[in-house]
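**Student:** So the sequences go chain by chain: A and B. Residue 962 is where the first sequence starts when you use this note's numbering, and the numbers rise one by one after that. Residue 63 is where the second sequence starts when you use this note's numbering, and the numbers rise one by one after that.
So the derived list for chain A, only partly shown, Cβ under 7 Å to chain B, looks like this:
no. : residue
1   : Leu1000
2   : Ala1001
3   : Thr1004
4   : Leu1020
5   : Asn1021
Hints listed in this document are in silico derivations from the structure and should not be mistaken for laboratory results. Bear in mind the structure is a predicted one, so any value in this text is a computation, not a measurement. By construction, the Cβ of each residue, glycine as well, lies at the ideal position given by its N, Cα and C atoms.
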Amino acid sequence: MKATTGISLLIIFFIFATILASNPSNSQEEVQDPFPEVLAKLTYLNSMGVNVTSLVDDLNEALMLYQKGNISQAMSILNEVNATASSLLSRADETHFRQLFEKYTEAALLLSIPLIIYVALPRAYAYFWYNSRKNWKVKKK
Amino acid sequence: MSLLQDDEVFAVILAVSIVASVLGTVLILRPFSSEKFSAIGLLDENCKIGNYPEIAVNGTEIKLCLFVYNHLGEPAYYKVVYRIGNNDTLPSNLTSSPAQEIKEWRVILNNDENTTFPISVPVFLNANETDKVALIFELWAYNMTSGNWEYTGLWTDLYINVTKGG
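So here's chain B without its partners, still in its complex pose (with noise of 0.2 Å):
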């Protein structure tokens, strides 16, 4: 009769079960808390980070690949914003680039979802540029409360050399 002779056996029993059964306790009632956030990247043609474009001749297109990930704890309604600017123009945390909106694509992402797909976008130089430019990409995301666009401060660049060409 060791277990029931020895107090401090049965206590360590007592004290394993209390710890084990508060423990998956929390793990079950604890709500969603991990941080919520989106993310947005640019990759190359091949959709791969590095080996990007540095030349293109003004008036093309060129190749590449979005990526754009949901973390928000729901389903996400995502666009993103393509523009040319300069470094007077490149968007902040908390505004969008003043730049011209020239094409923007749009993803419906589920959460913990990602998605990469491939782009062409036009490269060319507006009157008060000069031969580089930069291919502005952001992030925008559908406020359902509100019902409107709204900047998620989340944006990418390339800076590109715009040749006249022959």
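The shape of chain A in the complex, shown without the other chains (with noise of 0.2 Å):
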């Protein structure tokens, strides 16, 4: 019966290990890449409406450092824009609302002119061309 489960046991042990080895790299390479977390953070934000312009530049900075082998300042670069990509996500819904509101105002503000401009250039142009001509006076021929 121990003999049983202890060979049980070692041919788990022996498929779990296949299973590893089988499927090594890839998985670890993009834990071990920083990388698109913070990119994650920022495509975020630009889809926000959120100007990540100089923070994508930074994280490039810091990839061609990464890259050269300068871990430590990379890192310090990467720490930065991901500290700074962070703050900028509790206000990227505020900032989102914001931008719609602006364009759906200034939409709302193009699609009246018409409107009013039917309705108030009558009424304008006789106004002035009423009131340009309030001093004349009407001589008898």
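With the hints as a guide, bring both chains together as one complex.
**Tutor:** Here it is, written out as structure tokens:
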């Protein structure tokens, strides 16, 4: 009975070891790459209308340093970008709604221009026409 | 009172204002709808088109430049993978080359941003290759959703004669 249990455990261990060995580097590499996580934040911020141009440039600078082997400096810039991105995340919704409000207000104002012209232009024209002639005197011919 | 008396003048002014306001509104409300794409280009060592090396000594390095452009509408994380292959191992628009990866360069670009950077690549003959090899550069992009690198289907190559040297 003990021998059977021991053999079963050995087989299970062997199966797990095989699975782990057959799937080694890809996921490990992605876990070690610190850039996608920060870039995901920047991409989200960008989709919410936040200007992330300078942050992306800084992240790219960190990546260049990382590839050159200057890990500590790269991580320092990366952490800075990450901190800024995290602080911007809390204000992303507010920025997004403000931009939407500005956009639709601008559109509404533009669309109301023909209506304003239709209603106000003849009145304004008449007002100025009569106003410019209010001191005129009628002479008998 | 020409404006008030002449309905046609008023109608023309109204028509022009309607067209202008609709056009302006469309320009404001339209989403980012231009075609999304990336681009890769291979340049010579002065980062210009042309004047590419044609011969290299086996085991040496040659200098070139790479150009990468992002027009995906959002920041993107790219890598360019370098392989040495031949006619049988060239990539396609759907699959990357089966040849072994030798080197890679990564870059993060804003939307509508490009970069050009100098590279130095080793050139050597594999056991089953003749003296003419293809230097293959594939563009990969990181997919934020799946968390994996994906081949963009974009690649460029440079055929070069490799001499044994003296």
